[in-house]
Amino acid sequence: MSFLEVRCLKKSFPSPEGGKTLVVDVDKFSLQFGTQSGMKGESGSGKTTFLHLVAGILKPDQGEILLDGREVSKLSESARDRLRAESIGYVFQSFNLLQGFTCLENVLLASSFAGQVKKPWAKELLDRVGLSQRMHYYPRQLSIGQQQRVAVARALANRPKLVLADEPTGNLDPKNGQKALSLLKELCRENGSALLLVSHEVKVIDAFEHQLRWEDVNQVPSSTIEE
Amino acid sequence: MFQSHFSVIILLAWRGLKQHAFSSFVAAFTISMAGGLFLSTWKIKEEAQKAFVNSSGGFDAVLGARGSKLQLILNAMFHLEASPGNLSWEQYELIRDTRGVKEAYPIAVGDNYHGYRLVGTLPELFQQHEWKTGRKYEVQGGGRIFSADAKEALVGDFVARKLGLSVRSKFHPYHGLDFDEKKRHEDTYVVVGVLEPTGTPADKVIWIPIKGIQKMEGHDPAAAQSVSAVLLVLRGAAGFQLDMKYNKQGNQATLAWPVAATLASFFDKLSWFEDILALVAFFVALVGALIVFATLRTVMHEKKREYAILRCLGASRLVVTCVVLAQSLLLSLAGALGAYLAYGGIGFTAAHLIREQTGVVMDPWSLDLGYLAFFPIVIVLGFVSGLIPALQAYRSSLSENLSPKS
Numbered sequence: 001m002s003f004l005e006v007r008c009l010k011k012s013f014p015s016p017e018g019g020k021t022l023v024v025d026v027d028k029f030s031l032q033f034g035t036q037s038g039m040k041g042e043s044g045s046g047k048t049t050f051l052h053l054v055a056g057i058l059k060p061d062q063g064e065i066l067l068d069g070r071e072v073s074k075l076s077e078s079a080r081d082r083l084r085a086e087s088i089g090y091v092f093q094s095f096n097l098l099q100g101f102t103c104l105e106n107v108l109l110a111s112s113f114a115g116q117v118k119k120p121w122a123k124e125l126l127d128r129v130g131l132s133q134r135m136h137y138y139p140r141q142l143s144i145g146q147q148q149r150v151a152v153a154r155a156l157a158n159r160p161k162l163v164l165a166d167e168p169t170g171n172l173d174p175k176n177g178q179k180a181l182s183l184l185k186e187l188c189r190e191n192g193s194a195l196l197l198v199s200h201e202v203k204v205i206d207a208f209e210h211q212l213r214w215e216d217v218n219q220v221p222s223s224t225i226e227e
Numbered sequence: 228m229f230q231s232h233f234s235v236i237i238l239l240a241w242r243g244l245k246q247h248a249f250s251s252f253v254a255a256f257t258i259s260m261a262g263g264l265f266l267s268t269w270k271i272k273e274e275a276q277k278a279f280v281n282s283s284g285g286f287d288a289v290l291g292a293r294g295s296k297l298q299l300i301l302n303a304m305f306h307l308e309a310s311p312g313n314l315s316w317e318q319y320e321l322i323r324d325t326r327g328v329k330e331a332y333p334i335a336v337g338d339n340y341h342g343y344r345l346v347g348t349l350p351e352l353f354q355q356h357e358w359k360t361g362r363k364y365e366v367q368g369g370g371r372i373f374s375a376d377a378k379e380a381l382v383g384d385f386v387a388r389k390l391g392l393s394v395r396s397k398f399h400p401y402h403g404l405d406f407d408e409k410k411r412h413e414d415t416y417v418v419v420g421v422l423e424p425t426g427t428p429a430d431k432v433i434w435i436p437i438k439g440i441q442k443m444e445g446h447d448p449a450a451a452q453s454v455s456a457v458l459l460v461l462r463g464a465a466g467f468q469l470d471m472k473y474n475k476q477g478n479q480a481t482l483a484w485p486v487a488a489t490l491a492s493f494f495d496k497l498s499w500f501e502d503i504l505a506l507v508a509f510f511v512a513l514v515g516a517l518i519v520f521a522t523l524r525t526v527m528h529e530k531k532r533e534y535a536i537l538r539c540l541g542a543s544r545l546v547v548t549c550v551v552l553a554q555s556l557l558l559s560l561a562g563a564l565g566a567y568l569a570y571g572g573i574g575f576t577a578a579h580l581i582r583e584q585t586g587v588v589m590d591p592w593s594l595d596l597g598y599l600a601f602f603p604i605v606i607v608l609g610f611v612s613g614l615i616p617a618l619q620a621y622r623s624s625l626s627e628n629l630s631p632k633s
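First to last, the protein sequences are chains A and B. Heads up: the first sequence begins at 1 in this note's numbering, then just goes up one per residue. Heads up: the second sequence begins at 228 in this note's numbering, then just goes up one per residue.
Since the hints were made in silico from the structure, they are not lab data. Do not rely on the hints blindly, as some may be mistaken.
[As the list claims (entries may be wrong)] Straight-line Cα separation of at most 30 angstroms, BS3-like style, residue types lysine-lysine; simulated pairs:
no., chain 1, residue 1, chain 2, residue 2
1, B, K245, A, K118
2, A, K175, A, K123
3, B, K245, B, K277
4, A, K203, A, K28
5, A, K119, B, K245
6, B, K409, B, K378
7, B, K531, A, K74
8, A, K123, B, K531
9, A, K59, B, K378
10, A, K10, B, K531
11, A, K28, A, K59
12, B, K277, B, K389
13, B, K531, A, K119
14, A, K118, B, K531
[As the list claims (entries may be wrong)] Distance ranges between label pairs, derived from CB positions:
no., chain 1, residue 1, chain 2, residue 2, range
15, A, G115, B, F575, 30 to 40 angstroms
16, B, F233, A, S143, 28 to 38 angstroms
17, B, I604, A, K20, 47 to 57 angstroms
18, B, P603, A, K118, 31 to 41 angstroms
19, B, F500, A, K119, 51 to 61 angstroms
Glycine included, each C-beta is placed from N, C-alpha and C at the ideal position.
Only chain A is shown next, with the shape it has when bound in the complex (with noise of 0.2 angstroms):
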């Protein structure tokens, strides 16, 4: 049994109209515990929306989402904001770091809700993603590429079992990029994580061994959610 099915998955918004836009129509997607998939999609096609879904922040319009046996879609709220705290771990392509927090604390935080806090595994995964010696830095300290790295580490904090990764590079230059998406991989395969990461540059896909094409999962045709 794979550890994120999918079946049937709908999910549209109104439009301005006063009609409804279909912006996720996903027969059949599956991810194997453990594994590390890019899909690749253009902009504005609804990766980002799946990748919500997925997350138990939006609830389809119909379908089935199952995350390592548990059917997302019928949870509660609350269970799932557990859900996310407990096995789901999330890196923005804005890296959404708390401008109020430091680099530990940030991390850190991520970990508090599901209750399973613990400082040295926080500093750890920073000290894996290079700042050590930054720990005690406030994003605003920091360049793009650290606070996306320090996003990473966010995203591993609570020792996750799905790493969600929308666009991570699209705000980093292609040094800082690939950086960060080796460090991504590799702390996901370090921790046993699997990982799917939606992005439209080709580059960044191509890092993956198993790869797909958005096109290919969404049955909406991207010209349709644009227009």
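Once you have looked at the hints, place chain B on chain A.
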């Protein structure tokens, strides 16, 4: 720090306010001012009234010329206001010998020394009278009580310190109750003692023999046989009988009795002022609550995305709501503590002014239930003003604030 949800909530709330330090400070400061003003309005009047009643110097009543009881008390006991008129020496002797009168001391006023009153009385006041149960007046080391027939003075502790008077100091009294350097009397008085402090108006008086005032150079010779008032200590129900005799049936003199009730009526007359201050305090409190509300709303709106990130990390709606409520609690906590500080400042100033003007020692720090209840009331009000922003935080949609644009 991150081990429990409670500590995480407090940390998030604190850092959120820190990021909006100026608005947070203004909100807490406004609560402090409103609270301080409110406490001052309410407590200072209450404490002042209590202090005045406790400063009656161990007397139950005052007999004086026909007129206002309040003026009589203020003049004879607190050495404020002008004397409403004089009584004859015979009237003093009559009340002194009345059954039910335990002690009677005549006083005469009309002169001052650099603005501090000279009060003429009998030396027995300092030898026999208890200004507080079990406490007689005491003279500081090296001094003594004046003799009834000499030009000697016994100085209150406050005046002695203010004017630098000590035993063997000499001075010329000035005519009238207000200081006018052109109205100097030729008589010379010698300080023979300084009273130990009592915390009563006696501290700010220069006591001299009653004959001194009566026969002061330049005074009307008719004054030699009159007194300004008689301070009385009564036995049992004598107050009722004397009240009937002087106030209801007679028309020669006024008996100010009971002292506490007369003073209470005086403070009641000030209630309009108290009402205005209470109204001001209410509006400042309202502004404070609105500022807390506005601050939290601003913080909430600016942090919508941050809260959404927290939700994405696994924080529940309840955690985010509690963060906003904790911020309102922290603001009101700071405001309540600030209010006590503001009240401390106002109370200290008021106590100082009252002491300077009347000699009455007020204790603005005395604890009572209302004073303590103020703290939770402010906390609850702050909590209430945080409810709407907290509710908005609760309702804010995670998907909208982390809304995917692709």
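Checked hints:
no.	hint	in the structure
1	K245(B) <-> K118(A)	26 angstroms, holds
2	K175(A) <-> K123(A)	24 angstroms, holds
3	K245(B) <-> K277(B)	43 angstroms, violated
4	K203(A) <-> K28(A)	26 angstroms, holds
5	K119(A) <-> K245(B)	24 angstroms, holds
6	K409(B) <-> K378(B)	21 angstroms, holds
7	K531(B) <-> K74(A)	26 angstroms, holds
8	K123(A) <-> K531(B)	28 angstroms, holds
9	K59(A) <-> K378(B)	100 angstroms, violated
10	K10(A) <-> K531(B)	27 angstroms, holds
11	K28(A) <-> K59(A)	17 angstroms, holds
12	K277(B) <-> K389(B)	26 angstroms, holds
13	K531(B) <-> K119(A)	28 angstroms, holds
14	K118(A) <-> K531(B)	28 angstroms, holds
15	G115(A) <-> F575(B): 30 to 40 angstroms	49 angstroms, violated
16	F233(B) <-> S143(A): 28 to 38 angstroms	35 angstroms, holds
17	I604(B) <-> K20(A): 47 to 57 angstroms	51 angstroms, holds
18	P603(B) <-> K118(A): 31 to 41 angstroms	38 angstroms, holds
19	F500(B) <-> K119(A): 51 to 61 angstroms	59 angstroms, holds
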